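K.L.:
If you're matching them up, the sequences are chains Y and F in order.
Note that the numbering used here gives residue 242 to position 48 of the first sequence, counting from 1, and the numbers run on in steps of one.
Note that the numbering used here gives residue 962 to position 294 of the second sequence, counting from 1, and the numbers run on in steps of one.
Everything labelled a hint here was simulated from the structure, so no lab data went into it.
Heads up, a few of these hints could be off.
[Claimed, not checked] Heads up, incomplete: computed chain F residues facing chain Y, CB under 7 Å, no partners named:
#1 Thr708
#2 Thr709
#3 Ser740
#4 Gln745
#5 Pro748
#6 Tyr751
#7 Lys752
#8 Pro796
#9 Gly933
#10 Ile1019
#11 Asp1020
#12 Val1072
#13 Tyr1075
[What the hints assert, rightly or not] Derived DMTMM-like pairs (lysine to aspartate or glutamate); straight-line CA-CA distance at most 20 Å:
#14 Y:Lys228 <-> F:Glu1044
#15 Y:Lys267 <-> F:Asp1076
#16 F:Lys1078 <-> Y:Glu493
#17 F:Lys1078 <-> Y:Glu497
#18 F:Lys752 <-> Y:Glu497
#19 Y:Lys267 <-> F:Asp835
#20 F:Lys1078 <-> Y:Glu352
#21 Y:Lys595 <-> Y:Asp459
#22 F:Lys821 <-> Y:Glu233
#23 F:Lys935 <-> F:Asp1014
#24 F:Lys1078 <-> Y:Asp379
#25 F:Lys752 <-> Y:Glu233
[Stated by the list, open to error] Computed list of chain F residues with no C-beta within reach of chain Y, every gap over 10 Å:
#26 Val724
#27 Asn736
#28 Tyr763
#29 Arg1054
#30 Glu1056
#31 Lys1078
Note that the coordinates shown come from a computational prediction; the quantities given were computed from them, not determined experimentally.
By construction, the Cβ of each residue, glycine as well, lies at the ideal position given by its N, Cα and C atoms.
What follows is each chain in one-letter form.
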Amino acid sequence: MMATALTTSCSFEQDEYFDESASLRVTHQNENIKNRLVEQSAADKNGWVIQYFVSGTDDYNFEGFNLFGRFYKNGAVTLASDHRFLRNGNANKYTESNSYYDMLSEEGSVLSFNTWNDILTVFVDPVDPSKAPGSLVNDGEGMYGDQNLVLKKLTDDEMQFYGERHGAISRLIPCDRPWQQYIADTKTMKNHIATTSLTSHYVINDVDTMYFVDLNKGLFVYGERITDPLQKKTLKCVFTPNGFRLERPDSLADAAFQEFKMSSDSTCLLNEDGKVKVVACWDKYMVSRTDVWDFDDTEYTDEQKSLLSQIDTEIKKFNSGWSLKSVGLGKSTGGGAVSGLVMTFYTNAQKTKTNTVGLEMALARLKYGQFDMSMAEEPACDKNMDAIVKKAADMYTLAVKMAKYYVGTYDVVPNDYFLPTGAKFTSLSGGLTFNCAK
Amino acid sequence: MKKILYFFLATSMGLTMSSCSNDDDFTSTIFDTTVGAVDTTSATAPFDQWLYDNFVVPYNTEIQYKFNLPASNMDYQLTPADYKKSQLLSHFIKYLFYDVYNKYGGEDFMKKYGPRMFHYIGSAAYAPSTGTETLGYASAGVKITLINVNNMKYWTPETPYTDVDMDQLNKDQFHVMHHEFSHILHQTKSYPVAFGQVTSGTYQPRDWQKRDSIETHMLGYLTHYGSSATYEDFVETLSCTITDTDYRWMTTIIEACLNGGVKAGDKEAVYELIDSLGIRDFDNPNKVWNNFSIYKESSKADNEKEYTETGRYVPDFHLSEAREKSEATLKFEKVATFTSFRDYLDTWVNIDVEDKAAGINAILKKLQIAQKWYKEKWGLDLFKIRNEVRLRQDKVNDFVKDNVTIYDLK
C-alpha cells in the first residue's frame, strides 16, 4: 500500500492588501451583518423582507417568495410568510415561526438557519412524495432551497446571499411597513399587473421588444413572440408593493433590468434606470376580450340619437316589454355569439333583466395603441338577431347603420394599462371619436 | 417508490500535512474568549446548559442539534431538526440509551465507549437514484448522525406516547443508535470470524435492497441491510435484539422457519429465544403470529404464458411486499391457515434431514455468537439490555411528565 504524504512549504512574501487576516475580516463582517440584522429588527422597525428564490429543477420552476424576518441578538429569529407551501393547513395563510440562526465563518460569511423553521425549511425539505404539495417535487429531491446562505453582496440598502448547497438566491431588504401590510399591498399590486385574464406582457426599450407570459404565476417566461416562441427563458420573480423583481438581472439590447416599479402615470412598469418598460399586452387583450364596453351615451350625435330611438321602437315589434338599454363593443352572449357591435336590451318592464344582440365587426391591432375597426358589407349576426328580425324586420339594417359610425382607424388609450375596462378611441381616419366602458 | 432503509458507516480518514512558515505577527484571536462553555446569552442557553450537564460533563459527548451543513452528508438533501423535538430526543437518548448501559455496563462504560458526538438531521435522507433511504450513519466511531428527527411525534400531556409511537421512535432513532454504537464496540473489540461464516455465501454488498423480506429471512438475516456485509449483519443482530418489536421478531421467526425447514433442536431453541426476547401476549389469538395464512407462490414473466411454482411459501403479511419486489407477475395459492404459532412451528414446520436449512438455524447461530461476544467482551447481557429498554419504554410517558422540561427559544 502506497502512502502519500503531501508536504508543502510556504513562505509568505506578499503585498498587504488588507489590514486584517482573512479570518478576522470574516469575523468582523459577521458581527457587522448580525448587528444590522438585529438593529433593523428593533421593536420600532419592521424587520426584513427576504426575497427568496429556490433553485428549482428543469421540471419544476417555482415563483419567488416574500418571507419576513426579525433577528434577535440571542440567535432567535422569527420568520413569517403566507406562501403556498406552508404546511399543517397554513398554506396561503399568514404564519409566523420561531427558530435559531447563526452567522458562520466558512469561506465567507454564512447566514445559517440551523433549526427547523416552518416558513423557510419547507423549501429545503426533501419531502416524502405523500407529503409533497400536489406531488410537485420528486421524491427525495425537494425544491432545491437552501438554509445556509453565503453572503454575496452587502450594501447600505440590501444583503444578497446565495445558497451554500443549491445556490438558492435570497435578498434581504429592510421592510418599510408592517409585514401583513406589505403582504396586502403586494397582493394589490400583483392583482393589478398580473391577472389571469391578461397574462402576457411586453418588455420594451428604445431598440427592442420581447414578450413574456406567466407573470401571474410569479414567473417571467419570455421569448421573441408570445405564440410558439423559438426560444423561451424563464426567470422567477417576486412581487413587491411597487411592482416585481426578477431572481437575477437580465438585459434587453444591452439595457439591464432586474426590478420593475409602477410608473408615476401607471401606464407601465419601469426598470431601475427607467430605460426598460414592462407593458401589459392590453392591446391584444382588447381584441380578444369577451366583455361588452358600452358607448358613452352623452357623446351620441343627434343622428345617432334618432337611430337609437328607431331601434328602441323596432324592438317593441319583437316584444312590447323590451327596450334598448345600451350599445357598445364586445362579444354578444346569445347563441352564435359574434364580436363587434353589441346592443343590450332590457327584457322586462322592471328593467332588471337583459339580453344582447350582436353584429359582427372586426377589431384589428395595427400597432401598439392603434386599431382598425371594420365591417363586411353584409355583416354576420348572432341568433338573437335572426330571431328578432322575423318580427322586427328593420332591426338588422338599423344595427348596420349604427355600426357604420364606428368603422375607422383609431388611437386608443385604455382606462387601465394592465387590465382595461374601457378606453378612449380617437379617430385617425373615418369613424367617430368616442369613449366606452364596462 | 418503495424505500429500503439502511445505514451508512463512514470509516475513511484523510491525512494532509502541511508546513507553512509565516512571517506575519500574530493578530488578536479570532475566538471569543469571553464566552464560557455555554453561551448564557443565547436563546437556546437553558437547553445548552442541560446538554452540558448531562452529556458534555459526564461523557464528553456533544449533541449537535443545530444543523451543521459542512459536517453533514452532501449526498443527501437534508434539513435542520426541530428545536423542541431535538430536546425531547436528547432526553430519550439519556433515558433509553446512556442510562441503560450505565446500569448494566457500569458508570465508566459510556464514558469510555460512548460516541463523542451526535448530529441531528430533521429530514429523511433519500437517495432517489437507488430508491433507498439512509436511516443514520456513523463516522469513524466518533460521530453518530441521527436522521428524520422531525418525524418524531412531539409529546404533550394531551398526546402521550403510545406503543405505536415508541415503535416508530425505535425504528427511526434507537435502532440506528444501537446499530451505530455496535459498530463502535466491534471496532474496539473485534467479533468472532465465525459469525461471518454462518451465512458466508449469501452476503450481497450491492443488491441487498432487491431482496424481499421472505428471501432475507429464509437466508438467515434479520434485516435486508444485514445481508449486505458481515459487519452490518453483526450490528443488525445486536440492534434488532435490543429494539425490534414483538411483531417484527415473530414475523421474522415465522418466515425464517417457512422455507427450508429447521434443524433438529431448532424448535426448542426458537421457544427459548421467544422466552429470552420476552414476547408479550405470546398466546393471544389476536396477535398476527397466532392468526396467519401461508401461500404457495407462482410466477410468470412477461414473455411467459403459464405460471410456474417458485418453490417458495409466503405468509399473508408479506404478500404485497413479495409482489412489489418481484419483476414477474406473482400468483399465490393458500395452503394453510394457522390460529396459533405453536401449531405452525410444532406441526407444520419440517425438520430438515438433508442439512439444507438456513433461515432460523443461521439466525440462532449468529445470535448465539453475538450474545456470547457481548457477554465475554463487554460483560453485558443482550436480552437484559432489551428488557431494560422495554421496561423504560413502558414508563416513557411518566418519565417525560416528571423529568423533561422543553424550553422555548427565549
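K.L.:
Now, for every hint given, state plainly whether the structure supports it.
P.N.:
For each hint, the structure was consulted:
1. Thr708: violated (10 Å)
2. Thr709: holds (6 Å)
3. Ser740: violated (10 Å)
4. Gln745: holds (4 Å)
5. Pro748: holds (5 Å)
6. Tyr751: holds (4 Å)
7. Lys752: violated (9 Å)
8. Pro796: Pro796 of chain F check passes; min Cβ-Cβ to chain Y is 4 Å, inside 7 Å.
9. Gly933: At about 45 Å, which exceeds the 7 Å cut-off, the nearest Cβ of chain Y leaves the hint on Gly933 of chain F violated.
10. Ile1019: violated (45 Å)
11. Asp1020: Status violated, d = 42 Å.
12. Val1072: Since chain Y brings no Cβ nearer than about 18 Å to Val1072 of chain F, farther than 7 Å, the hint is violated.
13. Tyr1075: violated (12 Å)
14. Y:Lys228 <-> F:Glu1044: Measuring from Cα to Cα gives roughly 55 Å; hence the hint is violated.
15. Y:Lys267 <-> F:Asp1076: Between Lys267 of chain Y and Asp1076 of chain F the Cα gap is close to 16 Å, so the pair holds against 20 Å.
16. F:Lys1078 <-> Y:Glu493: Violated, at about 69 Å.
17. F:Lys1078 <-> Y:Glu497: Roughly 79 Å separates the two Cα atoms, so the pair is violated.
18. F:Lys752 <-> Y:Glu497: violated (80 Å)
19. Y:Lys267 <-> F:Asp835: violated (40 Å)
20. F:Lys1078 <-> Y:Glu352: Measuring from Cα to Cα gives roughly 28 Å; hence the hint is violated.
21. Y:Lys595 <-> Y:Asp459: Violated, at about 38 Å.
22. F:Lys821 <-> Y:Glu233: violated (37 Å)
23. F:Lys935 <-> F:Asp1014: holds (8 Å)
24. F:Lys1078 <-> Y:Asp379: Since the Cα atoms of Lys1078 of chain F and Asp379 of chain Y sit roughly 32 Å apart, the hinted pair is violated (cutoff 20 Å).
25. F:Lys752 <-> Y:Glu233: Status violated; Cα separation ~27 Å.
26. Val724: holds (19 Å)
27. Asn736: Check fails; 7 Å does not lie beyond 10 Å.
28. Tyr763: Consistent with the label, Tyr763 of chain F stays out of reach of chain Y, its closest Cβ about 22 Å off (over 10 Å).
29. Arg1054: holds (30 Å)
30. Glu1056: holds (32 Å)
31. Lys1078: violated (7 Å)
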